[in-house]
Structure formats: C-alpha cells, structure tokens
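Chemist: What follows is the residue order along each chain.
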Amino acid sequence: MKHTISALLLGTALTLASASLASADDKNVKIGALSDQSGLYADLGGPGSTLAAQMAIEDSGLKAKGWTIDLISGDHQNKPDIGTTIARQWFDVDKVDVVVDVPNSGVALAVNNVVKEKNGVYINSGAATSDLTNAQCSPNTVHWTYDTYMLAHTTGQALVKAGGDTWFFLTADYAFGAALERDTTAVITANGGKVVGGVKHPLNTSDFSSFLLQAQSSKAKIIGLANAGGDTTNSIKQAAEFGIVKGGQKLAALLLFLTDVKAIGLETAQGLNFTETFYWDMNDQTRAFSKRFSEKMKNGAMPTMVQAGVYSGLLHYFKALDALGSNPHDGVKVVAKMKSIPTDDPLFGKGEVQANGRVTHNAYLFEVKKPSESKGPWDFYKLVGTVSGDQAFTPLAQSTCPLLKK
Amino acid sequence: MQALYAQLLVGLINGSFYALLSLGLAVIFGMLNIINFAHGALYMMGAFVAYFLLNLGGINYWWALLIAPVIVGIFGMILERTMLQWLAGLDHLYGLLLTFGLALIIQGVFQNYFGSSGLPYSIPDVLKGGMNLGFMYLPIYRAWVVIFSLIVCIGTWYLIERTRLGAYLRAATENPTLVRAFGINVPRMITLTYGLGVGLAALAGVLSAPINQVRPLMGENVIIVVFAVVVIGGMGSIMGSIITGFALGVIEGLTKYFYPEASNTVVFVLMVLVLLVKPTGLTGRAA
Chain S
0 MKHTISALLL GTALTLASAS LASADDKNVK IGALSDQSGL YADLGGPGST LAAQMAIEDS
60 GLKAKGWTID LISGDHQNKP DIGTTIARQW FDVDKVDVVV DVPNSGVALA VNNVVKEKNG
120 VYINSGAATS DLTNAQCSPN TVHWTYDTYM LAHTTGQALV KAGGDTWFFL TADYAFGAAL
180 ERDTTAVITA NGGKVVGGVK HPLNTSDFSS FLLQAQSSKA KIIGLANAGG DTTNSIKQAA
240 EFGIVKGGQK LAALLLFLTD VKAIGLETAQ GLNFTETFYW DMNDQTRAFS KRFSEKMKNG
300 AMPTMVQAGV YSGLLHYFKA LDALGSNPHD GVKVVAKMKS IPTDDPLFGK GEVQANGRVT
360 HNAYLFEVKK PSESKGPWDF YKLVGTVSGD QAFTPLAQST CPLLKK
Chain Y
0 MQALYAQLLV GLINGSFYAL LSLGLAVIFG MLNIINFAHG ALYMMGAFVA YFLLNLGGIN
60 YWWALLIAPV IVGIFGMILE RTMLQWLAGL DHLYGLLLTF GLALIIQGVF QNYFGSSGLP
120 YSIPDVLKGG MNLGFMYLPI YRAWVVIFSL IVCIGTWYLI ERTRLGAYLR AATENPTLVR
180 AFGINVPRMI TLTYGLGVGL AALAGVLSAP INQVRPLMGE NVIIVVFAVV VIGGMGSIMG
240 SIITGFALGV IEGLTKYFYP EASNTVVFVL MVLVLLVKPT GLTGRAA
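As they're listed, the protein sequences go chains S and Y. Residue 0 is where the first sequence starts when you use numbering that gives the first Met the number 0, and the numbers rise one by one after that. Residue 0 is where the second sequence starts when you use numbering that gives the first Met the number 0, and the numbers rise one by one after that.
Same shape as in the complex, but just chain S (with noise of 0.2 angstroms):
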C-alpha cells in the first residue's frame, strides 16, 4: 500500500515537473490566416494573404532556433458569423495562437471579440475600420497597414485642401462604408468644406448607374466612394461612362487597392489619387519580397498592401515571440511584448505599435499612371507625396480607445 501511493505520488511529481519543463520552452506556434477567400476581397487579401504568412514564416528565421509554426486558413465569406464560428474554432479545437489578415470591417470586429474572449492575439491587416484602435480597442489586437482615419487624413484632406469643399459619398452599406464616411466627413467639415448628400448601397453590387445620377444632379465637387475592391471598380468604370470626371466632378477613391487598378485598366484609372502604405516598386526591398511573392502567385499577381501587412505583423510578433524566448500561450503578454519593441521591417519601414494596438508608418499618395507611362504589366503608380505615420493615424491624445484611460 505505501509502495503504491509512493509510487502514486511520484508520479504526479514527475508528471507536473514535465508539463510545467514543456510550457518554460514551448516553441510551437499556430497561425490562423482568416479571410474572404473566393468573394470580391479575395485578390486583395485571400490567398495571396495565406502566401504571405507563410513567407513571414520562412524568413523569420524561427524555425532554425527550434520552433515549430504551423499555418491554417479559412474562409469567412464576407459574413461575421461565419468568421467568429471558424475563429472560435480555431481556439477550442485548432489551438490556435494568433489571427491575421480578416479583411471586411464588419467580420474584423465580430473576430475581434472572439480573439479578446479567447485570449489570442488579433493582427488586423485587411480591416479598414478606426473602431478597432479606438471604442473596440482590445490589448490582444493589433491593427497593422491602413484604417479609416488614415485614409480620411491623407487623400480626403489633401482633395479638400485642393479645393474639392463639396461632396457627396457612394458608400458601401456596412461597418467599414459607415466608418469611412464618418471619418472623411470629420476630416471635410473641418477643412471648411460641406458635405451635400450620399447613397448608402448594398455590399457587392454590380449596377452603380442609379447612385451616380445622384451624385452627379447633386453637384458636389468631388464624389467620395467609401466602398473596396469589386464595388470600388464598378463605381469607377461607370462614373466614367456617364461622363462624370468629364462633367467636371472628381471621383474621391478613398480606398484602391493594386488588384483594383489592374482590374480597372490604366486607361479608365488613368489620374485617380489615393492612398496606400505599401508599393511593390518603392525600393530594392519592396521589390525583392514582391518578385519572389509573384512568382508564386497562381496569376502572378503583385502583393497588395494588405498582404504586405500580413506578412510584416507576422515579421513583428515573431521577433517578440524571440524575445520572449517561448510562446507563453497568451494574447495579452505577446502584444505587449510586440508594443514595447519598435517596428522595423523591410516592407513599412520603421514605426511602433501604439498602446491602443494601432500600427503607425508612412503613407503615401499616389497617382494612376497614364497607358503611356506604364513600362510592365504590374507598373501603375506614381509617388506624389508621403505622410509620415504620426501624421497619418490617430494621434493618441485623440484615440477613444478605453485602454488609454486606466
């Protein structure tokens, strides 16, 4: 009898002994890519996103120092049920350690509470709503790339200042349309200028004529489109056809990704400015990791900017997962880990992650190419202007986010 509690006891002994030796040098990380992946985000984020993680994997150099990292991928179909089911998913059953890419606001905030709840950490790269640095904030979120103040801040504020003080929006009827349109509006009515009408249409619609008859008997200077990809071309292509940018209104394109352009055609997009954080043709290093990210796209396509944030997020919670020596399975201490180091990466530059989660870098204003200056498939943009990040987000003192209070 006292051989077997003895031997009982040892047991437990050695048995605690070793759960607590693996979790002092856990090295095992797994990386959940959530995105849409075969609606009309999937060319911006989808699997190019996927692809990105899983270059940050390779070159983050982890895998040599011991650790495991295994990558997984979902498709949230542009709904946020779909997208906190598989998230949720992805924690009680995957284990899961750390969310990326999500773009669609209205998802990106459903996930945001799972990620919170779960403890995980949340790198937002596809988002474009302010909500998730300000009223949403979480300490296991990290919004990398762009957001709706930003864009609001750098082309809004430049087309008003340009003398474009009227406008009306075409905006996408969801979290994301209702952000941005807020946060251009603020930017607009305090540069002195006047907003005189919008639409708000459903998400992916292919028909823009009605809401640009609007927008043109309104007479608003500038027709500011506060909606993405698919439903950003559409509106585009077909303000052209009415004779819209001919009339003598300007088309506001808050938001134009890469993939856009490319399905617009130089020849439509020809002198649209916008904003974005990342070009694959800025320097040597943009380059590099842009040739070698084509060549293993299925269309050879170039990387947008929100799969150049997946994969610097990624670069950033790796070194703090370094620097913490092993994964300690807990959202809240790596993001503050990654807080207290300064980004650096080949893709944005130099930066930090604020205390409210949002990520700041250079933007810069961009200018379509005319056909005739264009030298390859991929060759689009024109740089008229950087803004540095402080200027371009959220400046804390500003940020609503409750984390700041305490």
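Think of the hints as simulated: they come from the structure by calculation, not from any bench. Among the clues, some could well be false.
What the hints assert, rightly or not - Within a straight-line C-alpha distance of at most 25 angstroms, the following computed DSS-like cross-link-like pairs (lysine-lysine) qualify:
hint : chain 1 : residue 1 : chain 2 : residue 2
1    : S       : Lys-369   : Y       : Lys-277
2    : Y       : Lys-127   : S       : Lys-245
3    : S       : Lys-218   : Y       : Lys-127
4    : S       : Lys-78    : S       : Lys-62
5    : S       : Lys-26    : S       : Lys-94
Unchecked claim - Example chain S residues on the side facing chain Y (calculated, C-beta under 8 angstroms, incomplete):
hint : residue
6    : Gly-38
7    : Leu-39
8    : Asp-172
9    : Asn-203
10   : Ser-205
11   : Asp-206
12   : Phe-210
13   : Ser-216
14   : Asn-233
15   : Glu-240
16   : Phe-241
17   : Thr-258
18   : Glu-266
19   : Gln-269
Computed from a prediction, not measured in an experiment: that's the story for all the values here. Backbone N, C-alpha and C define an ideal beta-carbon position, used for all residues, glycine too.
Mind docking chain Y on chain S? Use the hints.
Modeler: Okay, now just chain Y, sitting in the frame of chain S:
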C-alpha cells in the same frame, strides 16, 4: 422630377439584362423542363470569351457579339448531350441540382485562374461617349444595350411563338412521341434549344462586359434576381419573362432612388407577393 425620369431610364437598362437572361431561362424551362441554375455561369463565360477573343485573337466587340454566344452555346450543347439529357422525365430537382453543381464548378475553375477582381474590357469606340437628354446624360453604350436586347427578345419570341420551327418545338414539349412519329428529330431539337438558351445568356454576358468587370462571380448575383424575374413572370412564359424583366429593372431603379438600402431585396419582396396572390406567376399557366 427630372431625376425620376433618369432613374426610370436606368431601370430600363438594367431591365434589358434581366429580360435577356430570364428569356433564356424561360426558353430552357419551357422546352426542356429544366431549371437551369448554370445560367449565371454561362453568362459569365460569354463575357470571358469576349475578353479572350479581344486580347488573344484581336477580335473586336462586334464579332464577339456573334462568336461568343456560338462558342458558349456549343459548350452548352455538349453539357446537354453528355449530362442533362439523362435527366429528362425526372423530377425538376435533379436538373436543378446538376446545373447548380455545374455552375459552382465553372465558377470555381474561372476563379482559380483569374481571381475575383476581374479583367478590364473597354467600350467599343463607336459607342463611346454619351448624349445629354436634358434630364440626364445617357451613355450611348447603354442606349445601344436597351435597343439591341429589345430586338433580340422580340426576335426570340417571334421565333418560338410565330414560326414553323417554333411550332415544332412547342409540339415536341407537349408530346415528344407524337412529334417523333412525324419524322422530326426531337432530341436534336432539344439540344439546339438548350444551345439557344445558353447562347442568349452568353450574349447578355458580352453586352455587360464593357459595363461591369469581366469577373468569375459576375453571374452569381444576377442569377438569383433573374430567377425571381422568371418566377414572377410565370415559369416558361416567353413574353411574360421579357415584360417582367424590363418591369423589374424599372422597379429596382425606383427603389435605388427612394430607398437605396432595399434595392437588392425589393425584387424578392415582389416575388413573395406574387407567389402568394398568383402562384403560377403573372402570365403563367397552371401546371
């Protein structure tokens, strides 16, 4: 008030796409008794064929209007010969499931190779520009779409309802055995009819290529609306689907003006109302 006229006209333009597509569906349903869920995918293929003709073969829009429907029509006939014909006489559900599966496969294949953002296709030079009607600026291309699809719709209606060939067709659906006894090759006629329906879808695809992006999912959204059009108009009724197509385009256009948020649901609300009051559709015969 001027804005209202403009919205009516724009509704008519969208209506012409609905009419062309629902016409094809009605022809196929009327003659083959198949609910062709692959219609949206075939419409998309029409636009892609036009894109390839232009970019690989240097063949312009006008030829594409002719060639693309023929190519996609032949593709449709192959589908009918190899798969759909075995479902004749079975419950509608089998045809619906098969064509729905085909639609997913076709869209999946295109998406795999061309992504989701689409490819540019520009308006032919002759139809560029627009005219000022006083109450709106009408792009010439849109005017062309309305006129052209009206002609095609009426032509198809005439072919089926007023010619000898159409009479054979209608007879063949009523009583195939008897028509065969007169020495008419009914299976071949059925195949050609499916080809015609599919060709109409491809034609609508070519027409829409310069307006929308040529993209793999372009048919996915439109097909659901078009089904609602066919249901409202009455399954299998040729004239019913043409008129309903144009009418619903106009109603949708008005909704976009008065309450844009509801613009993609108004058609379905109407469908529910019609089904409640007159389950066979506005012009449909009782089965």
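Chemist: Against each hint, give a clear statement of whether it holds in the structure.
Modeler: Hint check results:
Of the pairs offered as hints, the one joining S/Lys-369 and Y/Lys-277 is violated, with about 56 angstroms between alpha carbons and a cut-off of 25 angstroms exceeded. The hinted pair formed by Y/Lys-127 and S/Lys-245 meets the criterion: a straight-line CA distance of about 13 angstroms does not exceed 25 angstroms. In summary, the hint linking S/Lys-218 to Y/Lys-127 is supported, as the alpha carbons are separated by about 23 angstroms, within the 25 angstroms threshold. At roughly 35 angstroms between alpha-carbon atoms, S/Lys-78 and S/Lys-62 are farther apart than 25 angstroms, so this suggested pair is violated.
Of the supplied pair hints, the one linking S/Lys-26 and S/Lys-94 holds, its CA atoms being roughly 14 angstroms apart against a limit of 25 angstroms. Taking 8 angstroms as the C-beta cut-off, the interface hint given for S/Gly-38 holds, the closest approach to chain Y being about 6 angstroms. This hint holds: S/Leu-39 has a C-beta 6 angstroms from the nearest C-beta of chain Y, less than the 8 angstroms allowed. The criterion of a C-beta within 8 angstroms of any C-beta in chain Y is met by S/Asp-172, whose closest approach is roughly 6 angstroms, and the hint holds.
Annotation: interface hint on S/Asn-203 holds; nearest CB of chain Y at approximately 6 angstroms, less than 8 angstroms. Annotation: S/Ser-205 was flagged as interfacial toward chain Y, and the flag holds, the nearest CB pair being 5 angstroms apart, inside 8 angstroms. For S/Asp-206, the shortest C-beta to C-beta distance to chain Y is roughly 6 angstroms, which falls under 8 angstroms, so the interface hint holds. A least Cβ separation of about 7 angstroms between S/Phe-210 and chain Y falls short of the 8 angstroms threshold, and the interface hint therefore holds.
Here the hint on S/Ser-216 is kept, as its CB sits about 6 angstroms from the closest CB of chain Y, short of 8 angstroms. Contact between S/Asn-233 and chain Y, as hinted, is supported at the beta carbon level, the nearest pair being about 6 angstroms apart and thus within 8 angstroms. Hint on S/Glu-240 holds. Least Cβ distance to chain Y is approximately 5 angstroms, under the 8 angstroms limit. Because the smallest distance between the Cβ of S/Phe-241 and any Cβ of chain Y comes to about 6 angstroms, under 8 angstroms, the interface hint for this residue holds.
For S/Thr-258, the interface hint holds, the least distance from its beta-carbon to any beta-carbon of chain Y being 5 angstroms, beneath 8 angstroms. Checking S/Glu-266 against chain Y: minimum C-beta separation of about 6 angstroms stays under 8 angstroms; hint holds. Interface restraint check for S/Gln-269: the shortest CB-CB distance to chain Y comes to about 12 angstroms, outside 8 angstroms, so the restraint is violated.
This entry does not satisfy hints 1, 4, 19, going by the numbered hints stated previously.
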